[in-house]
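K.L.:
Sequence:
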Amino acid sequence: MLESIKKIINDYILELDKGIVIESEVMYGENKLEYALSTDEYMASVSILSDYTYDFYAVEIESERTFMVKTKQFVSFDELITELKKDISGFSD
9 MLESIKKIIN DYILELDKGI VIESEVMYGE NKLEYALSTD EYMASVSILS
59 DYTYDFYAVE IESERTFMVK TKQFVSFDEL ITELKKDISG FSD
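Residue numbering for the sequence shown follows the numbering used here, starting at 9 and increasing by one per position.
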């Protein structure tokens with residue numbers, strides 16, 4: 009499941025073509041997937057657990073102002089992917 013999410017994230021970031029850089033991508037077996045993302049002005053941390061728990065945290069680099077914090081647990085894969093794409097898109101804007 010996490011491998012599928014990893015592919016979706018990577019493909020979506022390429023598809024958006026809005027200057028998002030994947031700074032790091034770490035998979036902890038089948039339990040957890042983590043990303044560090046950046047743009048010219050912002051950094052984001054994304055964590056996804058195998059039980060569909062999702063955490064998204066984004067800050068402005070220069071001021072260190074937090075502008076997006078979210079932790080949710082979803083019941084389905086599709087709900088998680090929808091929220092993930094919405095947050096990545098919002099981060100890139």
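Be careful, since some hints might not be right.
To be verified - The list that follows gives simulated cross-link-like pairs (lysine-lysine, DSS-like), each with its CA atoms no further than 25 angstroms apart:
no., residue 1, residue 2
1, K94, K78
2, K15, K40
3, K15, K94
4, K14, K94
5, K93, K80
6, K78, K93
7, K78, K14
8, K14, K80
9, K15, K93
10, K26, K78
11, K26, K15
12, K78, K15
13, K78, K40
14, K40, K94
15, K14, K93
16, K80, K40
17, K94, K26
18, K26, K14
19, K14, K40
20, K80, K94
21, K15, K80
22, K40, K93
23, K93, K26
Everything labelled a hint here was simulated from the structure, so no lab data went into it.
K.L.:
Each hint: holds or not?
P.N.:
Going through the hints against the structure:
no., hint, in the structure
1, K94 - K78, "12 angstroms, holds"
2, K15 - K40, "14 angstroms, holds"
3, K15 - K94, "16 angstroms, holds"
4, K14 - K94, "16 angstroms, holds"
5, K93 - K80, "14 angstroms, holds"
6, K78 - K93, "14 angstroms, holds"
7, K78 - K14, "19 angstroms, holds"
8, K14 - K80, "18 angstroms, holds"
9, K15 - K93, "12 angstroms, holds"
10, K26 - K78, "22 angstroms, holds"
11, K26 - K15, "18 angstroms, holds"
12, K78 - K15, "22 angstroms, holds"
13, K78 - K40, "17 angstroms, holds"
14, K40 - K94, "20 angstroms, holds"
15, K14 - K93, "12 angstroms, holds"
16, K80 - K40, "15 angstroms, holds"
17, K94 - K26, "14 angstroms, holds"
18, K26 - K14, "18 angstroms, holds"
19, K14 - K40, "11 angstroms, holds"
20, K80 - K94, "14 angstroms, holds"
21, K15 - K80, "21 angstroms, holds"
22, K40 - K93, "18 angstroms, holds"
23, K93 - K26, "13 angstroms, holds"
Of the numbered hints listed earlier, not one is contradicted by the structure.
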